[in-house]
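A.B. asks: As they're listed, the protein sequences go chains L and B. My numbering applies: residue 71 is where the first sequence begins, and numbers increase by one. My numbering applies: residue 18 is where the second sequence begins, and numbers increase by one.
Derived from the structure by calculation, the hints contain no laboratory data. Check the hints yourself; a few may be wrong.
Said to hold, decoys possible - So the derived label-pair ranges between C-beta atoms look like this:
#1 B/116 - L/141: 15 to 25 angstroms
#2 L/82 - B/90: 47 to 57 angstroms
#3 L/109 - B/158: 46 to 56 angstroms
#4 B/121 - L/171: 22 to 32 angstroms
#5 L/150 - B/18: 41 to 51 angstroms
#6 B/31 - L/142: 30 to 40 angstroms
#7 B/114 - L/81: 32 to 42 angstroms
No residue lacks a Cβ here, since even glycine has one placed at the ideal position from N, Cα and C.
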Amino acid sequence: MANVSFSAAGDTLYAYLAGEIDHDAAQSLRLALDDALASRSPRTLVLDFGGVGFMDSSGVGLILGRQRRAQALGGGIRVQHAPRQLRRVLDLARIPYGSEEGGTNP
Amino acid sequence: MKAENSARIQFDSLSVNEGFARGAVAAFLARYDPTVPQLADIKTAVSEAVTNCIVHAYPDRVGPITMTVAVYPGRLVRITVTDKGVGIPDVRRAMEPLYTTGDPEERSGLGFAVMQSFMDGVRVASRPARGTRVTLTKRLAAKEDT
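Please model the complete structure; the sequences and the hints are all you need to start from.
C.D. replies: And the structure:
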């Protein structure tokens, strides 16, 4: 189970993801994120994983799919606040995530 | 080698059961006191194996997934995830990173790469139209004396 909430600052849209991101949860997150991309056309979509306690490779598909969509709309994405467990998955996919750690995972 | 303890669970290939499956494994292993990173590794690998069954083994129907988890002497954990689905025609190809027969827009093709990276061992046995069994093994770190 996962959810996403949004806030905007200028032409940056922040998407705060929370919960566990697997193939099941990715389906509804994808709809919510694509909806926001289409309606707001941000220059940068920031995916904040600070509230995510678990993610498998379905999350990688979710990120790469949104990246393609954002680029098609003339923008881009950025990943931030990934907790440690997520970083191992992101490393495998060579997705950069910045230096700030998120979440409560040790 | 005889398992010290084992469990066997069968569930439907519904995506809501991905969380159930990794949660069940985590609950079973809790008494062995795995480290947080090791438990996260195992949960992630189980999630990948079960998702493969749901997405690929039963593309057009709901079918049974059987999961076993066993602990052997020396804190060796062995997990099997078995389906009776379509099977994998070319296992070696399916295990190549980034290879996917799923929707390339949404599936990363990293499922087996995650399993191989996060577990000590991954074995795949598959027969077309008969099903697939994925066997995951990992040795838990020795318990710290307190």
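A.B. asks: All hints are to be evaluated individually against the structure, with a verdict given for each.
C.D. replies: Do the hints match the structure? See the list:
no.: 1; hint: B/116 - L/141: 15 to 25 angstroms; verdict: 23 angstroms, holds
no.: 2; hint: L/82 - B/90: 47 to 57 angstroms; verdict: 54 angstroms, holds
no.: 3; hint: L/109 - B/158: 46 to 56 angstroms; verdict: 48 angstroms, holds
no.: 4; hint: B/121 - L/171: 22 to 32 angstroms; verdict: 31 angstroms, holds
no.: 5; hint: L/150 - B/18: 41 to 51 angstroms; verdict: 45 angstroms, holds
no.: 6; hint: B/31 - L/142: 30 to 40 angstroms; verdict: 32 angstroms, holds
no.: 7; hint: B/114 - L/81: 32 to 42 angstroms; verdict: 35 angstroms, holds
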